[in-house]
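2 protein chains.
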Amino acid sequence: MQFRFSDSLKNLRPSEIRELLKYASAKDFISFGGGMPNPLTFPMDDIREIMDDVLSQYGSLALQYGNTGGLNDLRTEIKNLVLETEKIKTSEQNIIVTSGSQQGLYELAKVLVNPGDAVITEEPTYVGAISAFDANKADMHSISIDNEGMRTDVAETEIKKLISEGRRPKFIYTIPTFQNPTGITMSLERRKHLIEISKQFDVPLVEDNPYGELRYSGGRIPMLSALDKDASVVYLGTFSKVMCPGLRMGYTIGPEEFVGKFNLLKQALDLSSSTFSQYVAWQYLKRGIIKKQIPKSIDLYRKKRDAMLKALDEYFPENSSWSKPDGGMFLWATVDSRINTTDMLKDAIQEGVAYVSGNAFSPARSQANSMRLNFTFSEENQIYRGIEKLGNLVQKKVGPLQSN
Amino acid sequence: MQFRFSDSLKNLRPSEIRELLKYASAKDFISFGGGMPNPLTFPMDDIREIMDDVLSQYGSLALQYGNTGGLNDLRTEIKNLVLETEKIKTSEQNIIVTSGSQQGLYELAKVLVNPGDAVITEEPTYVGAISAFDANKADMHSISIDNEGMRTDVAETEIKKLISEGRRPKFIYTIPTFQNPTGITMSLERRKHLIEISKQFDVPLVEDNPYGELRYSGGRIPMLSALDKDASVVYLGTFSKVMCPGLRMGYTIGPEEFVGKFNLLKQALDLSSSTFSQYVAWQYLKRGIIKKQIPKSIDLYRKKRDAMLKALDEYFPENSSWSKPDGGMFLWATVDSRINTTDMLKDAIQEGVAYVSGNAFSPARSQANSMRLNFTFSEENQIYRGIEKLGNLVQKKVGPLQSN
Chain A
2 MQFRFSDSLK
12 NLRPSEIREL
22 LKYASAKDFI
32 SFGGGMPNPL
42 TFPMDDIREI
52 MDDVLSQYGS
62 LALQYGNTGG
72 LNDLRTEIKN
82 LVLETEKIKT
92 SEQNIIVTSG
102 SQQGLYELAK
112 VLVNPGDAVI
122 TEEPTYVGAI
132 SAFDANKADM
142 HSISIDNEGM
152 RTDVAETEIK
162 KLISEGRRPK
172 FIYTIPTFQN
182 PTGITMSLER
192 RKHLIEISKQ
202 FDVPLVEDNP
212 YGELRYSGGR
222 IPMLSALDKD
232 ASVVYLGTFS
242 KVMCPGLRMG
252 YTIGPEEFVG
262 KFNLLKQALD
272 LSSSTFSQYV
282 AWQYLKRGII
292 KKQIPKSIDL
302 YRKKRDAMLK
312 ALDEYFPENS
322 SWSKPDGGMF
332 LWATVDSRIN
342 TTDMLKDAIQ
352 EGVAYVSGNA
362 FSPARSQANS
372 MRLNFTFSEE
382 NQIYRGIEKL
392 GNLVQKKVGP
402 LQSN
Chain B
2 MQFRFSDSLK
12 NLRPSEIREL
22 LKYASAKDFI
32 SFGGGMPNPL
42 TFPMDDIREI
52 MDDVLSQYGS
62 LALQYGNTGG
72 LNDLRTEIKN
82 LVLETEKIKT
92 SEQNIIVTSG
102 SQQGLYELAK
112 VLVNPGDAVI
122 TEEPTYVGAI
132 SAFDANKADM
142 HSISIDNEGM
152 RTDVAETEIK
162 KLISEGRRPK
172 FIYTIPTFQN
182 PTGITMSLER
192 RKHLIEISKQ
202 FDVPLVEDNP
212 YGELRYSGGR
222 IPMLSALDKD
232 ASVVYLGTFS
242 KVMCPGLRMG
252 YTIGPEEFVG
262 KFNLLKQALD
272 LSSSTFSQYV
282 AWQYLKRGII
292 KKQIPKSIDL
302 YRKKRDAMLK
312 ALDEYFPENS
322 SWSKPDGGMF
332 LWATVDSRIN
342 TTDMLKDAIQ
352 EGVAYVSGNA
362 FSPARSQANS
372 MRLNFTFSEE
382 NQIYRGIEKL
392 GNLVQKKVGP
402 LQSN
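Protein sequences, first through last, are from chains A and B.
Numbered per the working numbering, the first sequence spans residues 2 to 405.
Numbered per the working numbering, the second sequence spans residues 2 to 405.
Please keep in mind that the hints were generated in silico from the structure rather than gathered at the bench.
Everything numeric in this text was worked out from a predicted model, so none of it was measured.
Worth double-checking, as some hints may not be accurate.
Remember, identical chains collapse to one label, so a pair may be satisfied in a single copy or spanning two.
Claimed, not checked - Here are the simulated DSS-like cross-link-like pairs (lysine-lysine), alpha carbons at most 30 Å apart as the crow flies:
1) Lys-398 x Lys-161
2) Lys-138 x Lys-11
3) Lys-325 x Lys-23
4) Lys-397 x Lys-161
5) Lys-28 x Lys-311
6) Lys-138 x Lys-287
7) Lys-161 x Lys-292
8) Lys-11 x Lys-200
9) Lys-28 x Lys-80
10) Lys-397 x Lys-325
11) Lys-287 x Lys-28
12) Lys-297 x Lys-397
13) Lys-325 x Lys-88
14) Lys-193 x Lys-90
15) Lys-23 x Lys-287
16) Lys-23 x Lys-80
17) Lys-311 x Lys-325
18) Lys-23 x Lys-90
Put together the whole structure using the sequences plus the hints.
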């Protein structure tokens, strides 16, 4: 007997990152692939203490079913957190706890997108957003990025065009700060322009901010949610890059009507996120562990970023270029236009080093000679050796091409 | 600015159970509402020990991102578990770990159902299945239940009719053992008939088995997955009723092609289930804690079931009837046909007792004078008092009706 599958997955491609995960823990393998925080940053002793206390004090509640919207005490702490870090003013009923921010992305698309509806993204953009939007058959219109982030002038033209065709986009999705995959931060001017566009053309904004706390240089730029209280913005947050990814804790902040839809859908998706993980995240915030962990992560990651930038200078061929991120976990390298990084990945893995190919992040499939390089997971000496290997590989590929 | 929501949630109703959750922890409130295991059954000391060991021995892996399909060691233990308990022969690549079995239900509908496709369910059936199927716009054809479970003769007629209309159902969904909400177990003959129907009409089976281990009387009846190795069966399992619900751990077992689709979708849904929860579930199985916990749960729940049956005998009016389940967590009571249990719920909550109204479980909305009563969560004396209150309420409602 054959299963007759629905059409719903027909646009979905398997994630290259998911496949590369298996290499991350392989011995002597250098992984610039996954967006994995360094386990040295996990506050292991604090988490052990918190888990023990949660079981002693709240065991019968923490191991039981919980509210779909999330633990109220955790939502209060999240409210305080975003106020303190990003100056975002919100309240508990505007917050819903999600099973990682990936669930927020899926829910976002599911509650807003009818098959074929247009949405605006950055080009390139987060691969998990592409898969969440594809799973809901969104028609992605991706807007190129320069050193100041999304080209909002291009976005404006595209939105006008779509509206003239009767296809007003359902939302504009952006990762304004330390963008995934490029590491680029959107300038204040562009942020203001984006809000103007959103208001003028009646298209809500969605900002994803997984890395905001991981700043190694430069000054903080206000998030869209903090810039204009009258703007329609949905904010996606996560504990995967600060606390740890393995508890799968994220959150979405938005207008109450919107959060209500999320809640209704989440009842069908997974009833609620792990009650236990929520108690742990609550205590992690309440005890201020986050304030001890972040400076440590920043110290560690800044060195790794600097190491990777230095290694790229040393080992990558002259006609390559790369971003110089002020924070986050990634930089974006573009090499000779005759190289296809998807093809080159097989050779790289042979050499014991992995990255994610540019087109994995490209709704337009226009990033064939770029790659995303994660600098947070590997040791510094691995970073030098890995970039050397990749530089040599690029050199070797370009050599024969040049002699043609 | 208004959000323009998609059509995807238009069939979804908020879950009555989710709303009743808030009463479950209220003091002096008697909750027969949620399907909550009794926290006395949570193996608290073992879980504390396991969590501590997991952090010591696997901390940097257990708090990190994991495979979408699930921890391999956990899948091996699940394979052994279903072989030992249900004689189901499977292998690791046929198993995918889910964030509770609710996620399995959502994935099932998403990968198989195009909007408007027919599916077969029981009448009444699990409210979470209704919401997962509604969220994917399945057209549910629900088949009535008697004391031997789903009326497979009625199912056969319905399937024939649908096929004659060119609308072959995408699957048949059943909870064969200790059905939710009725507590009824499908007879062996009906199970065999269902497999025949599935083969003859080329419609895959989906069996949901959250309660199979919680048997208080009678002998085990083989699951569909164990009865015929050539049948196309998807099996949904969970750790919410044995270990605890708060870690949100479930699993789906099915043909490899099917599990592959699940995996692809899960990348978009939440990347992976909590790595930490998976390590805990793995050790919970590996250390045999499950074998200590289940007999304790059975002892506790059998007494509560007996108490509720006795209380119903004593306090419910003569023209009421109810199921006598051999296991699980619920029984199903049907009262005077002039009573609407959805309306009566407000009065019951006033009296400090909650149940879930019949129509919450009814795709056909034909269970207006029934109610689901959970017997696992409350104390025995609460069970007597709660059933007395409900009996009186029914009596009071019928009284005036009879004098009309």
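**Study point:** Numbers of the earlier hints that this structure fails to satisfy, in rising order
**Key:** Violated: hints 1, 4, 6, 7, 12.
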